[in-house]
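Asks: The sequence shown runs 1 to 182 under the UniProt record's numbering.
These are computed hints drawn from the structure, not numbers from a lab. Be careful, since some hints might not be right.
Unchecked claim - Per label pair, the in silico range of CB-to-CB distance:
| hint | residue 1 | residue 2 | range |
| --- | --- | --- | --- |
| 1 | Glu114 | Ile43 | 27 to 35 Å |
| 2 | Arg101 | Gly24 | 15 to 23 Å |
| 3 | Met118 | Ala14 | 36 to 44 Å |
| 4 | His110 | Asp144 | 37 to 45 Å |
| 5 | Glu114 | Met30 | 39 to 47 Å |
| 6 | Pro46 | Gln10 | 23 to 31 Å |
| 7 | Asp9 | Asn115 | 39 to 47 Å |
| 8 | Glu56 | Gly28 | 17 to 25 Å |
| 9 | Asp45 | Asp106 | 40 to 48 Å |
Beta carbons: idealized from backbone N, C-alpha and C, even for Gly.
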Amino acid sequence: MSLPLPSLDQLQPAEFDARELFSGQTSGRMVKGYKSPCLHTPIWDPHYLFHDAMREVVVWFLDPTDPLYVFGPTGSGKTSLVRQLAARLNYPVFEITAHGRLEFDDLVGHLSVENGSMTFQYGPLALAMRHGGIFLLNEMDLLDPANRGWAQRHSRRCAAVPADERWRGDPAAPDVPLQHTV
1 MSLPLPSLDQ LQPAEFDARE LFSGQTSGRM VKGYKSPCLH TPIWDPHYLF
51 HDAMREVVVW FLDPTDPLYV FGPTGSGKTS LVRQLAARLN YPVFEITAHG
101 RLEFDDLVGH LSVENGSMTF QYGPLALAMR HGGIFLLNEM DLLDPANRGW
151 AQRHSRRCAA VPADERWRGD PAAPDVPLQH TV
């Protein structure tokens, strides 16, 4: 029987040796994460392989002062990379896939009626900010140009990391990190 996962309010910060986490060798270079996963933490895939081309993303995660913009062809593993990186560091991930009618309120949240009262329902961006998780905006290029301004403001200063087919995992074998995929 497994123990229940902690809630977002129970997350405890931790530091991990970056190289040991991804390659099994120690480096002394520490990366921030959480002691244990929560319900919003992706499931760790033990068969997922971090290719050498992914090092830039791991290095960015050592000090995520700017948003990260990962781009590449469909199916190249952009979202899987973010999820598996988060799984190893026990980060909660709050994600949404962009579409032509996505608006800022879909990310931040909105008021709704609950049990006869107005309640604010937090969106994925607000949840990531509130709980120190990763906000992942998938397929940013699908946003309507009229609603793209807020995303462009965030991605203007970000690290651009190309993805390619080598990123795919081999099935055989308290800042808000803001991550976009295209």
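Asks: Does the Cβ-Cβ separation between aspartate 45 and aspartate 106 fall within 40 to 48 Å?
Replies: violated, 28 Å
Asks: Looking only at beta-carbon atoms, does the pair arginine 101, glycine 24 fall within the given range of 15 to 23 Å?
Replies: violated, 45 Å
Asks: Within 37 to 45 Å or not, the Cβ separation of histidine 110 and aspartate 144?
Replies: violated, 18 Å
Asks: Assuming the hint says 17 to 25 Å, is it satisfied by the Cβ distance from glutamate 56 to glycine 28 or not?
Replies: holds, 20 Å
Asks: A range of 36 to 44 Å was offered for this pair. Does it hold for the Cβ distance of methionine 118 and alanine 14?
Replies: holds, 37 Å
Asks: Is the distance from the Cβ of aspartate 9 to the Cβ of asparagine 115 consistent with 39 to 47 Å?
Replies: violated, 22 Å
Asks: Per the hint of 23 to 31 Å, is the separation of the Cβ atoms of proline 46 and glutamine 10 within bounds?
Replies: Holds - the Cβ-Cβ distance for proline 46 and glutamine 10, about 25 Å, lies within 23 to 31 Å.
Asks: In this structure, is the beta-carbon distance linking glutamate 114 and isoleucine 43 contained in 27 to 35 Å?
Replies: For glutamate 114 and isoleucine 43 the Cβ distance comes to about 30 Å; the hint holds.
Asks: Given a hint of 39 to 47 Å, does the C-beta separation of glutamate 114 and methionine 30 actually sit inside it?
Replies: At 42 Å between Cβs, range holds.
In summary, the numbered hints that this structure violates are 2, 4, 7 and 9.
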